[in-house]
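Student: Work the whole structure out from these sequences, hints included.
If you read the protein sequences in the order shown, they are chains H and Z.
Residue numbers for the first sequence follow full-length UniProt numbering, so the first one is 1 and each next one is one higher.
Residue numbers for the second sequence follow full-length UniProt numbering, so the first one is 1 and each next one is one higher.
It is worth saying that the hints were derived from the structure and are not from the lab.
Warning: the hint list may mix true and false statements.
Said to hold, decoys possible - Label-pair distances were calculated between CB atoms; the ranges are:
id	chain 1	residue 1	chain 2	residue 2	range
1	Z	Glu52	H	Leu199	32 to 42 angstroms
2	H	Asn802	Z	Glu8	33 to 43 angstroms
3	Z	Ile115	H	Leu775	45 to 55 angstroms
4	Z	Ile115	H	Asn779	51 to 61 angstroms
5	Z	Lys31	H	Gly135	43 to 53 angstroms
6	Z	Lys31	H	Met832	35 to 45 angstroms
7	H	Ala58	Z	Phe119	38 to 48 angstroms
8	Z	Glu8	H	Ser203	42 to 52 angstroms
9	Z	Glu8	H	Arg262	49 to 59 angstroms
10	H	Lys598	Z	Glu52	41 to 51 angstroms
11	H	Lys117	Z	Glu8	28 to 38 angstroms
12	H	Ser579	Z	Glu8	41 to 51 angstroms
13	H	Gly761	Z	Glu8	56 to 66 angstroms
14	Z	Lys31	H	Thr449	56 to 66 angstroms
It should be emphasised that the depicted structure is a prediction, and the values quoted were computed from it without experimental measurement.
Glycine included, C-beta positions come from ideal geometry on N, C-alpha and C.
Now for the letters of each chain:
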Amino acid sequence: MKTVIVIGNGMVGYKFCEKFVAKETNEDYKLIVFGDEPRPAYDRVHLSEFFENQDAKALEMASAEWYAENGIKLMINERVTDINREEKTITTANNQNFSYDYLVLATGSSAFVPPIKGVEKKGVFVYRTIEDLEGMLSYAAALKTKNPNAKAAVLGGGLLGLEAGKAVMDMGLEPHIVEFAPKLMPRQLDSRSSQVLQLKLESIGLHIHLSKATNQILGDDAIVGMEFGEDDVLDVEMLVISAGIRPRDELGKSSGLKMGVRGGIVVDHKMQTSDQSIYAIGEIALYNQMIYGLVAPGYEMATVAVDQITGKTDNIMAAEIDMSTKLKLIGVDVASFGEPFMPAAKGHSIIFENKTQHLYKRINVSLDGQRLLGGILVGDASDYSMLHQIYLNSMPIPSDPSQLILPAGDGAASFGSAMDLPDTAVVCSCEAVTKGQVCCSVKDDGNETVKAIAKATKATTGCGGCKPMVTDLVNETLKSLGKVVKERICEHFDYSRQELYDIVKMKNIQDYDELLDTHGKGNGCETCKPLAASLFASIFNETANKQDTIQDTNDRYLANIQRNGTYSVVPRVAGGEISPKQMIAMGRIAQKYDLYTKITGGQRIDMFGAKLHELPLIWEELIAEGFETGQAYGKSLRTVKSCVGSTWCRYGMDESVSFAIEIENRYKGIRSPHKFKGGVSGCIRECAEARGKDFGFIAVEGGWNIYIGGNGGATPKHALLLAEKVDKETAIKYVDRFLMYYIQTAQPLMRTAAWLDKLEGGIDYVKDVVINDCLGIVNQLDTEMQHLADTYKCEWKEAVENPEIRAKYTHFVNSTEEDENIEFVSLREQKMPAPWA
Amino acid sequence: MIDSILKEYSVTTLEEVTIWYKAAAVTKFPKNGGACVKYNEKQIAVFNFTRENKWYACQNLCPHKMEMVLSRGMIGEDMGTPKVACPLHKNTFSLETGENLNGTLDAIATYPVKIEDGFVYIGFSK
Ligand code: SRM
Ligand SMILES: Cc1cc2nc3c(=O)[nH]c(=O)nc-3n(C[C@H](O)[C@H](O)[C@H](O)COP(=O)(O)OP(=O)(O)OC[C@H]3O[C@@H](n4cnc5c(N)ncnc54)[C@H](O)[C@@H]3O)c2cc1C
Ligand code: SF4
Ligand code: FES
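Tutor: Printed below as a string of structure tokens:
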């Protein structure tokens, strides 16, 4: 039995273990792993997610038990301090000795901290480990209680620096990026794309400072600013250094292994160092005179080292390593692949730039126009996977290569599907899974969902960037086998939402248990229950009170649950029009129950912090003042935003407020696959942002223009024109039909924009259905919508008037006490929930 | 503080029960839904799993963000295992073992329930 010792339990060290235990020969070896962090290896690539949930366990690559179960001795919190190559032993900080037959160095890198005066001050951080983040979070929280407008800087405008900038922004600090070079992401982007990226980042609130060399960090004990030149100072109270990485090569140096001039342990294509028994992998290994700061090459190195040690010596590291990257900064697409900058002598560049939309695309094409050599995408990287594959596999490109990046005019895709790729194309580079492997796994092993593929091949489990492509491959392969790709609701219902809609309607099933007994199996779950509830509501206009335990929490209690288990109260303020009398009433009630109040983004007033038992009391008073529920909790109509229109505005073409109120009252309470919103603007200046809504009307000379399928939110979309210059009655009729058609055919939790995007034929098809009646269903749609409008009931009125419904509004069934764990703290003369730890 | 609240709850098996606490009438609990019972310092979520004619009890505290909310969650089933989904972020827990079914959160504590003469009793060991 031979002993393999791995020093370093980071992402690559873990990958070595994973590949090692998968080998059949692993029983001939004993594996011992040392890591000096206080926890087993975790996903550093997704470190920023720690800000969202502070859930360190969720980032773990594998649990401590996994190592034990696989016969690996894992020693965390244990630094290796010395290697004795003669004796083939290592020594740990606790002075323990272990001998090895093979040694694998996977000690990774640490953040490089430039020797700037004052870097040791409090409030200066690096961005590498979970502990770094915990330090930043608690420092930022303390800063903010002293100064809610505190600023923080990130030193370094590279890939990681920008990610850190976003993290700092999410912590609620004003983010500043300080970069030494005259452009952002100098290693991946050319100057023009860098400028486009800068505009985009500035538009989301990052402040960018280029060509700045930091002289010193100001402050007595803690940082208060950064000094660049004599009169050039930036006041910041926190700094995150992201100026590159330095390999942790101390052990290589002290034991006399061959080193690079600027650090790193030299390895050959077998990952062997200058000592035959010692391997180095990951960010410590200097291969081709380079340190590769990405996981994919690190994983490849781990695989090679495992193969070499276990005797499969023909697997060696590729001579060239692909350094293509896609930035995962939420909200900003940036990617570069192959040769991003290219001298004119080697090929031609095709560049598309549109600064108004923060878009930049560049591809570099060989001189003969046959091959794609590389490129840069900023603002929209949706074509990245495909372009990257074309580049990697030297696939043929169109004779006019500009088609690869120009916005497709008629909606036709400019290049083929993922199925056109060669079988050898690596679709998941983190886990080195090829297209062939994915398709075979579908065909031969019956792994017919992305989840099953992930389990079987590990594809999509790394950075996740390949998920869309893997999804396409799975679906296309299933289709080629003649299998219908079915959108199944969940394990309890073998139907799509649309099919279930038809069943409920045709068979007139009005009860969830009956539906489950007759058309499903098992006992249901949190996916199918609210979906069925939404169908009952859309078809029979049943309120959420009737079958309350199949509703999502918010619907069950007719209020939105908040972070401390209290609720918010949002009365309807149709069109945003509210009288002084109503405002006084709302103010009085909010004051009486000590509620936090805020004007929402939907032109109405939200009152937060109501305890469960207070909800019916508050609503009783609101109803007495003439308010009704605003359904802020439902997947239903939210608000119809209005601008003041021709009643007051000197440009107004028509009465937008009156129209907004009318239409909001028409659609209020209607349940749908996702929430929907409307807007009505009095002229094309569009102050109501009607084109950012699921439906919108804009008054123009000669009538109303109708737009559908817009939204803000996570994936903003401008609405598309459905009809022009129509009168109000026609406008309402068209939107009635469009909404009803959407409600019947969309998948669960799909907003109108996504639905329209997926609908074959797109907006032209919707016009055909709702205007030209190509399906012959408009009469039916009209009747159904009118039925919903006619049978509206205020759910809160129903609830407060019914003692049985009211009874559920208590925290305990056996006591009238309140939940003593609810904690509020004060905030600008109001209150807020105590923050989550 | 959170740690001390968490310590209040530990799995109790039927054999360990020394006290059967009479919580409330069966009719106070919604069909196929839950409600919260107070027992000394503890908050216990009790579920009336009508479809299977079974009852379950567990801590009301969700280990994800330490909020007292599980009783307001939706119940259901995951491959035969009865479960509750937390109303805040839909993490799901087995009502039988308390295990987190869709993630790696700590398991929640579960308690035995019995029904006698139309009343719901929850079993505690102390
Ligand atoms: C209160 C409010 C923020 C505010 O203080 O202004 C708000 C608060 C919430 N929004 Fe919003 N959104 C609010 C306006 C908006 C807007 C602005 C607007 O409507 O003009 C948007 C972008 C526009 C849009 O939807 O197209 C918006 C896009 C979202 C999204 C993303 C939707 C998407 O399609 O990507 C979510 C998540 C979701 O629905 O799945 C969301 C979800 C939520 C939830 C329900 C999250 C939750 O489950 O707890 C928040 C709870 C509200 C509560 O407890 O009362 N909220 N939300 C606004 C309430 C408006 C109202 O009067 O009803
Ligand atoms: C915020 C962030 C975002 C990133 N995003 C991406 C991305 O999008 N795409 C991408 O490809 N890459 C990304 N990376 C880079 C990626 O995380 C690294 O390439 C990868 O983690 C390298 O793995 P490694 O195992 O070589 O090193 P590490 O993960 O650093 O692991 C080395 C481990 O060895 C331990 N160690 C060191 N010396 C000793 C010793 N003497 N004794 C015992 N243990 C020791 C260290 O404590 C550490 O735990 C990102 C990195 C960060 C920090
Ligand atoms: S209110 Fe909307 S944008 Fe704000 S935190 Fe909640 S969901 Fe996010
Ligand atoms: S608090 Fe329960 S899932 Fe987040």
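Student: Hint by hint, say whether it matches the structure.
Tutor: How the hints compare with the structure:
1. Z:Glu52 with H:Leu199: 32 to 42 angstroms: Violated: the Cβ-Cβ distance is about 59 angstroms, outside 32 to 42 angstroms.
2. H:Asn802 with Z:Glu8: 33 to 43 angstroms: Holds, since Asn802 (chain H) and Glu8 (chain Z) (Cβ atoms, about 35 angstroms apart) stay within the stated range.
3. Z:Ile115 with H:Leu775: 45 to 55 angstroms: holds (53 angstroms)
4. Z:Ile115 with H:Asn779: 51 to 61 angstroms: holds (53 angstroms)
5. Z:Lys31 with H:Gly135: 43 to 53 angstroms: About 49 angstroms separates the Cβ atoms of Lys31 (chain Z) and Gly135 (chain H), which means 43 to 53 angstroms holds.
6. Z:Lys31 with H:Met832: 35 to 45 angstroms: holds (36 angstroms)
7. H:Ala58 with Z:Phe119: 38 to 48 angstroms: Hint holds: Cβ distance 41 angstroms, inside 38 to 48 angstroms.
8. Z:Glu8 with H:Ser203: 42 to 52 angstroms: holds (49 angstroms)
9. Z:Glu8 with H:Arg262: 49 to 59 angstroms: holds (56 angstroms)
10. H:Lys598 with Z:Glu52: 41 to 51 angstroms: holds (43 angstroms)
11. H:Lys117 with Z:Glu8: 28 to 38 angstroms: violated (52 angstroms)
12. H:Ser579 with Z:Glu8: 41 to 51 angstroms: Once the Cβ atoms are compared, 50 angstroms apart, the range 41 to 51 angstroms for Glu8 (chain Z) and Ser579 (chain H) holds.
13. H:Gly761 with Z:Glu8: 56 to 66 angstroms: At roughly 59 angstroms between Cβ atoms, Glu8 (chain Z) and Gly761 (chain H) fall inside 56 to 66 angstroms, so the hint holds.
14. Z:Lys31 with H:Thr449: 56 to 66 angstroms: Since the Cβ atoms of Lys31 (chain Z) and Thr449 (chain H) sit about 33 angstroms apart, the hinted range of 56 to 66 angstroms is violated.
In this structure, the earlier hints numbered 1, 11, 14 are contradicted, and the remaining ones agree with it.
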